[in-house]
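Trainee: Input sequences plus hints: build the corresponding full structure.
Going by mature numbering (1 follows the signal peptide of the UniProt record, and there is no 0), the letters in the sequence shown line up with residues -19 to -1, 1 to 159, in that order.
It should be emphasised that the hints constitute simulated quantities derived from the structure, not laboratory data.
Warning: the hint list may mix true and false statements.
[Claimed, not checked] Okay, the calculated beta carbon distance ranges per label pair: (1) D75 with Y157: 17 to 25 angstroms; (2) N97 with V67: 15 to 23 angstroms; (3) N114 with E17: 36 to 44 angstroms; (4) V95 with I73: 38 to 46 angstroms; (5) I123 with V52: 16 to 24 angstroms; (6) Q24 with L90: 20 to 28 angstroms; (7) E145 with N114: 41 to 49 angstroms.
Backbone N, C-alpha and C define an ideal beta-carbon position, used for all residues, glycine too.
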Amino acid sequence: MVKNYLFILFLLMGLNSFAQDVEFGIQAGYTNIEIEATIEAEQVSDNASGFFVGLLADFKFSENWHLQPSVNYFNAEESDFLSIPVMVQYFIVDSGFYLQAGPQGTIILEDNPVTNTLGLDAAFGAGYHINENFFIDARYGIELTNRYSYESVEYGDQYGLGIESGINTLMVGVGYKF
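Mentor: Written out as structure tokens, the structure reads:
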């Protein structure tokens, strides 16, 4: 685990050498998760709402192109998660608006024998810079990995049920860059 953190630290330091400008900030807002499961071709889903708070770094490569990794804690109806998006942002010239897309890791912070802790999402969204420091944005993450754990003996797939599950996330919030 320490090796992973050191790798991420060195990666961010390397990005800093290529970026023209680096800003750090905080963000918070509303989150909604949709848990979907498919069992024997029958789909079920459930929603939960909550809040998120996080830290971000904004690497500016040009006026139009930014890279923004962040770490966000979010809670939805007594479930705790960690979201780690790495968003490429394209700023529309002289408008304050931007489009963003990139990978997002989502980690469940609770022990559950039938669910994989780590998931990988494809995230996309848009935002608007109100002024130099404040911004609003919205991001939707679509789970690409199967959260169902085949290793669970009690709920295992030994009966050929073909179980698949995932967690999609919506985050709408405000942020401040220092």
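Trainee: Against this structure, judge whether each hint is valid.
Mentor: Here is what the structure says about each hint:
1. Checked against the hint of 17 to 25 angstroms, the pair D75 and Y157 passes, with Cβ atoms roughly 22 angstroms apart.
2. Taking 15 to 23 angstroms as the suggested C-beta distance range, the pair N97 and V67 conforms, at roughly 20 angstroms.
3. Remark: the range hint 36 to 44 angstroms for N114 to E17 is upheld by a beta-carbon distance near 37 angstroms.
4. Restraint check, V95 to I73: a C-beta distance of roughly 44 angstroms satisfies the suggested window 38 to 46 angstroms.
5. Against the hinted window of 16 to 24 angstroms, the Cβ-Cβ separation of I123 and V52 comes to about 20 angstroms, which satisfies the hint.
6. For the pair Q24 and L90, the supplied restraint of 20 to 28 angstroms holds, since their beta-carbon distance comes to about 26 angstroms.
7. Separation of E145 from N114 is about 42 angstroms and conforms to the stated range, judged on CB atoms against 41 to 49 angstroms.
Checked against the numbered hints given earlier, the structure satisfies every one of them.
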